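Engineer: I would like the entire structure built from these sequences, with the hints used as guidance.
Protein chains in written order, with the working numbering: chain A, 1 to 321; chain B, 1 to 175.
In case anyone wonders, no lab produced these hints; they're calculated from the structure.
Fair warning: there could be bad hints in the mix.
[Stated by the list, open to error] Dumping the calculated DSS-like pairs for lysine-lysine here, alpha-carbon to alpha-carbon at most 27 Å:
1) B/K110 x A/K211
2) A/K215 x B/K167
3) A/K236 x A/K209
Quick caveat: nothing in here was measured; it's all calculated off a predicted structure.
The chain contents come next:
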Amino acid sequence: MSGISRRRFLAGSIAGCAATTLCGTQKALAAGSFTGYPEGMGVLVDLTRCIGCRSCEAACNKEQNLPAPAKPFDDMSVFDERFHGGTQMRRPDENAYTVVNRYEPEGGGKPVYRKVQCNHCNEPACLTSCFVNAYTKTQEGAVVYNPKICVGCRNCMIACPFNIPGYSYSSAFNPVVKKCIFCHETRLKNGRPPACVEICPQQALTFGKRKDMIKIAHQRILNEPGRYVDHLYGEKELGGTGWMYLSSVAFEQVGFDTTTGNEPIIANVKDFLGTVPMVLAIWPALFTGFHLLAKRKDGHGHDDDHAGDHSAAHGEEEDKS
Amino acid sequence: MRPTLLLHTLGIALIGLLCAASVVAAAPTGGPGQVKLDRLASLFDAVSFDHAAHVEIAGDCASCHHHTTGDGAGGGRCARCHAQSPKSTVVACRDCHDADPFSAVQLERKADDRWQYHVDKPGLKAAYHWNCLGCHENSGGPTGCEDCHTRNAAGDAFYKSGAFAPKAAASASHH
Chain A
1 MSGISRRRFL AGSIAGCAAT TLCGTQKALA AGSFTGYPEG MGVLVDLTRC
51 IGCRSCEAAC NKEQNLPAPA KPFDDMSVFD ERFHGGTQMR RPDENAYTVV
101 NRYEPEGGGK PVYRKVQCNH CNEPACLTSC FVNAYTKTQE GAVVYNPKIC
151 VGCRNCMIAC PFNIPGYSYS SAFNPVVKKC IFCHETRLKN GRPPACVEIC
201 PQQALTFGKR KDMIKIAHQR ILNEPGRYVD HLYGEKELGG TGWMYLSSVA
251 FEQVGFDTTT GNEPIIANVK DFLGTVPMVL AIWPALFTGF HLLAKRKDGH
301 GHDDDHAGDH SAAHGEEEDK S
Chain B
1 MRPTLLLHTL GIALIGLLCA ASVVAAAPTG GPGQVKLDRL ASLFDAVSFD
51 HAAHVEIAGD CASCHHHTTG DGAGGGRCAR CHAQSPKSTV VACRDCHDAD
101 PFSAVQLERK ADDRWQYHVD KPGLKAAYHW NCLGCHENSG GPTGCEDCHT
151 RNAAGDAFYK SGAFAPKAAA SASHH
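Structural biologist: Here it is, written out as structure tokens:
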């Protein structure tokens, strides 16, 4: 009788574990198909309008109370700066959440300026990679982070397909990740555009609901097909980004990664991550079951011995008392 | 009290007369001689725009004042709806182009426009800059910020320039 009940118990527990795990897996898959908040805000960056005045950099510096820059914001020599053996242009860092770079398009013509900042992905890789959950995609569309939670592991810096998060290397005791937060705290959540959008003299940055920005972008391409490449960068790339770009020259010529594909970063790992709860929940129960089943045959005839052992032990205790 | 009030009134009237005078000294075409563009002045002083000189350069009002003192809204895509529209009576840029194109109120208004027309209309700042810079680039006119704008102390602080320029080169940034 004890053997049958044990078998039932094991079968029941395995079924229970499997059910829990399957539910968990479904939830994980559902999380993978999240495509951002439909009412979230976005910015349409029109490279054909930017004149490289760097006012957006200055506005960001003031709004986010960032340290003084190495060079004034009206110093255009920064466009000639190169790093890593002359291969890399300026990138956002702990002192500057946005930078503008200048590109000379192939075949001559006017230089093209490109503003770089966090693109506020619909399904952010930084958020996916953060094991302490410091990142949040807000309903307004911003990807923000809580520096009090951040442990400074820099996983997000590796995960970000746009190389955006910077790191406060200057802080000896509490280094954390730093990046553009769409002016969420001071502006976005109060319905105001970010500081860079507001200062832009050319309206190279257009602010509104992301879904409206997509419509406006395609309308611009339709109205002036000769002016634009027929592509809105960020509409679909990596599951879509809050900040999207229109350009007059091929995107790879102005520093964009055109090999990202349209799948969000989480799609690379969600199948694998879906198996983790299964392994953690089913395997112990399953192999314990196998173990017990294997041992059951050996131990079946000794049930009485066990009972004898137990009573003997019990007897000893009684003796002691 | 009374004489002071009278003085004030006289002063205001005088200022009004002076303003009127600046418009009276108008270009032969009827436009104003000088236009003070001060709606958005904060980091830079107001721009004193020599309207009369630009009238002579441009020749046709419609070169800058599209749809208004110019040729109506008949051209291109506009004609789909506006072919029969009368000439607009609006002349100033600011009367159509909003100073705050991305405020919550403006975004709401655009969202209510179910046909989504005119939702991509540039704001006032962009309208000025596109109009001026577009022409200056093509005609070899000045295109630097401070060719037209005089930056003030607030502007120097904002751009960390002039008296607010970084004293020494900061530590190299990490890239």
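Engineer: If you check each hint against the structure, which ones fail?
Structural biologist: Per hint list: single violation, 2.
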